[in-house]
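A.B. asks: Here is what each chain is made of, one letter per residue.
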Amino acid sequence: GENVEQHPSTLSVQEGDSAVIKCTYSDSASNYFPWYKQELGKRPQLIIDIRSNVGEKKDQRIAVTLNKTAKHFSLHITETQPEDSAVYFCAASIRKAEYGGATNKLIFGTGTLLAVQP
Amino acid sequence: KAGVTQTPRYLIKTRGQQVTLSCSPISGHRSVSWYQQTPGQGLQFLFEYFSETQRNKGNFPGRFSGRQFSNSRSEMNVSTLELGDSALYLCASGTGGALSGELFFGEGSRLTVL
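Same order as they appear, the protein sequences are chains A and B. Residue numbers 101 to 218, in the numbering used here, belong to the letters of the first sequence in order. Residue numbers 3 to 116, in the numbering used here, belong to the letters of the second sequence in order.
Everything labelled a hint here was simulated from the structure, so no lab data went into it. Some hints could be false.
[Said to hold, decoys possible] The calculated BS3-like cross-link candidates involving lysine-lysine, where the alpha carbons are at most 25 angstroms apart (straight line), are: (1) B:Lys59 x A:Lys196; (2) A:Lys122 x A:Lys168; (3) A:Lys168 x B:Lys15; (4) A:Lys137 x B:Lys59; (5) A:Lys171 x B:Lys15; (6) A:Lys142 x A:Lys171.
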């Protein structure tokens with residue numbers, strides 16, 4: 101399949117709290133999982149990514165965890181700030197086998213609107 | 003280094019018309035992907051081009067087509083427009099394919115179909 105499910109669709113937290121967004125994917129061959137942040141009226145931008153050979157990756161206040169057995173991965177934001185308010189998209193690479201090799205495409209989840217209340 | 007440029011930024015069409023959107027990737031990037039963004043549906047993959055070849059496509063009807071030129075610039079075309087085609091169309095460029103790392107998005111072309 102080519103499905104990436106993302107939950108929740110909206111998330112409201114108080115400034116300083118943590119936020120967790122979860123995604124599940126269906127293709128067991130998926131091996132690249134980026135997260136993009138899209139502020140209101142702006143273009144999506146990569147904030148962190150993880151490949152299937154690691155289970156966790158951190159970058160300051162954000163971290164991503166990957167459970168390949170369960171086919172799900174999560175974004176964790178600690179000590180949230182108002183500027184973290186945005187729509188967050190997870191994505192997974194979907195592999196397509198074809199004669200002579202394979203190609204990959206990036207399939208995105210439906211997005212999570214995160215609102216950090218000051 | 004200039005970012006990804008999409009033109010036009012806004013356009014209004016009526017049902018049955020056709021539209022062509024353009025995307026100029028970051029210099030040196032050979033991969034261009036197109037996504038349709040609508041509220042509640044997220045970013046839906048349309049197709050990806052690499053070195054003038056369509057390498058992958060999503061689950062959109064044949065009314066949606068694209069191409070890539072030798073300078074890596076890409077166009078997408080939607081024929082026989084329907085109301086449901088109203089959306090923000092984003093293109094993204096990269097150095098390789100989906101596994102190659104960061105995609106750099108343009109600001110999008112917002113299409114309204116009346």
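A.B. asks: Hints first: check each against the structure and report whether it holds.
C.D. replies: Structure-based check of all given hints:
1. B:Lys59 x A:Lys196: Within the cut-off at roughly 10 angstroms; holds.
2. A:Lys122 x A:Lys168: 13 angstroms, holds
3. A:Lys168 x B:Lys15: Violated - the C-alpha atoms of Lys15 (chain B) and Lys168 (chain A) are around 44 angstroms apart, more than 25 angstroms.
4. A:Lys137 x B:Lys59: 24 angstroms, holds
5. A:Lys171 x B:Lys15: Violated, because 41 angstroms separates the two Cα atoms, which is more than 25 angstroms.
6. A:Lys142 x A:Lys171: The hint is violated at about 30 angstroms.
Checked against the numbered hints above, the structure breaks hints 3, 5 and 6 and satisfies the rest.
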